[in-house]
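Protein sequence lines correspond, in order, to chains A and B.
Per the numbering used here, the first sequence starts with residue 1, numbered consecutively.
Per the numbering used here, the second sequence starts with residue 339, numbered consecutively.
No wet-lab data here; the hints were simulated from the structure.
If you're wondering where the values come from, they're calculated on a predicted model, not measured in any experiment.
A hint or two may mislead.
[To be verified] Listed below are the simulated PhoX-like cross-link pairs for lysine-lysine, each with C-alpha atoms no more than 20 Å apart in a straight line: (1) B:K442 x A:K262; (2) A:K171 x A:K152; (3) A:K136 x A:K124; (4) B:K417 x A:K226; (5) B:K398 x A:K128; (6) B:K417 x A:K231; (7) A:K124 x B:K442; (8) A:K128 x B:K442.
[Said to hold, decoys possible] Just a few of them, taken from the derived set where beta-carbon distance is under 10 Å, the chain A residues facing chain B: (9) G118; (10) P126; (11) H179; (12) R180; (13) Q210; (14) D228; (15) M248; (16) K262.
Ideal placement from N, C-alpha and C gives every residue a C-beta, glycine not left out.
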Amino acid sequence: MIKTDVVIIGAGPVGLFAVHQLGIKGLKSEVIDNLDKAGGQCIELYPDKPIYDIPAVPECSGKSLTENLLQQIKPFSSNQHLNERVQEITEKNGSWIVKTNKDKIFVSPNIIIAGGVGSFEPRKLPLKELSKFEGKSVFYSVTDKTLFKNKKISIFGGGDSALDWALEFSKNSKVTLIHRRDEFRGAPHTLKELEKLKKTGKISIKTPFQINSINEGNDLKFIEIKNDNEKIEKIDTDILFGFFGLIMQLGPIAEWGLNMNKKTIEVNTENFQTNKPGIFAIGDICNYPGKLKLILSGFHEAALASVECFKRARPNEKYKFQFTTSSKEIQDRLGIKK
Amino acid sequence: MPKIKYIDQKGNSKTIDVENGLTVMEGAVQNNIPGIDADCGGSMACATCHVYVEDSWFNKIPKAEDAENDMIDMAYNPKKNSRLSCQIIVSDELDGLVVTTPEKQT
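With the rest of the complex left out, here is chain A (with noise of 0.2 Å):
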């Protein structure tokens, strides 16, 4: 049980900042996030795209921005729990209990949703058949790959992920790569490596085909896939891949009890608190009258709740607007030394 004075939920770069309001106000935070890496959707959906509306930053990456946060928490102790999603909420003595997927339970007064829209899952193929083979022989990621040697392995896909699976799986196994164009999106060298195995039959390619169906029974035998002129062809599998990114789906969020509109949670602008008293929902995942899905906005709403988490964790002691210009406490906590 990890004790604490506020669970951030989501490591985007509002959840980030959001470690820094509070940290600055000498408040300890955890964060939570259900990617492997902290950044959000900034990491995971657009690390290389410029970013031109940070105020003070003329063009930054949503690679660097993130970068720059994690240095700008550098003095903070706080931890971050990734590859974890938060599954439960519950009340217990005017504490929140927060409870993940791999049963590490968080006990604190104050939670700051900072959850995007919601947590990044693997995107599914579109054929209902397939969910009763998931994790038997239809995959979306793969976490061992020796598990995976002399089969009849089909690939769905035309992004690097695909592509590198694919290359991969050709030295021990029968490949087919299928993909709904014609045309791959993946680094030179390895679409050059892809032509070479195709040539020499290592790796064979069906474009533009898209699943069309797959056998009865309780075990995979064969997949049919169907391009654009409704030809139909059989192929052969053993075990079956799906490489079509991440999604993201409000899971666990939406049972909560918090007043949700559509896949956004209701707070009010002066502190951004929910209609549940400790529970916070900042950045893209909060809505109010005017709300803008900016990364500024998220920022200056981690600081107004920041202030409520420090009123709640701190009940006896007064708060006090500071600046970091001029504070000497707050110059301590960032370990500034003068």
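Assemble chain B onto chain A, guided by the hints.
Just chain B, lined up with the frame of chain A:
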């Protein structure tokens, strides 16, 4: 104002006046058209505003750039006439455009 017709998988349709300069995605979101999620807000980063453009219109609208096609690869059940509605900008030329939303976005 140009009229855009949104049809869902059950065949229900809604026709909306959408201001020039807005995207087909914004037209849907602002008018509570279901079936277009637009999780990333229109930055071409998520493929959850995926629509099928009616064939007669598909070649009349400006072609998708590579980055959009790369993103459509990630969409749920993409077809030949798939587009991201956040990348279709409404203009007088698109008056009467018909798009169908997919069975689901994720």
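Hint-by-hint comparison with the structure:
1. B:K442 x A:K262: holds, 15 Å
2. A:K171 x A:K152: holds, 12 Å
3. A:K136 x A:K124: holds, 15 Å
4. B:K417 x A:K226: holds, 11 Å
5. B:K398 x A:K128: Violated, at roughly 34 Å.
6. B:K417 x A:K231: Measuring from Cα to Cα gives roughly 15 Å; hence the hint holds.
7. A:K124 x B:K442: holds, 12 Å
8. A:K128 x B:K442: holds, 13 Å
9. G118: holds, 8 Å
10. P126: holds, 4 Å
11. H179: holds, 7 Å
12. R180: Given a least distance of 6 Å, the restraint on A:R180 holds.
13. Q210: holds, 8 Å
14. D228: The hint holds - A:D228 has a Cβ within 10 Å of chain B, the shortest such distance being about 5 Å.
15. M248: holds, 5 Å
16. K262: holds, 9 Å
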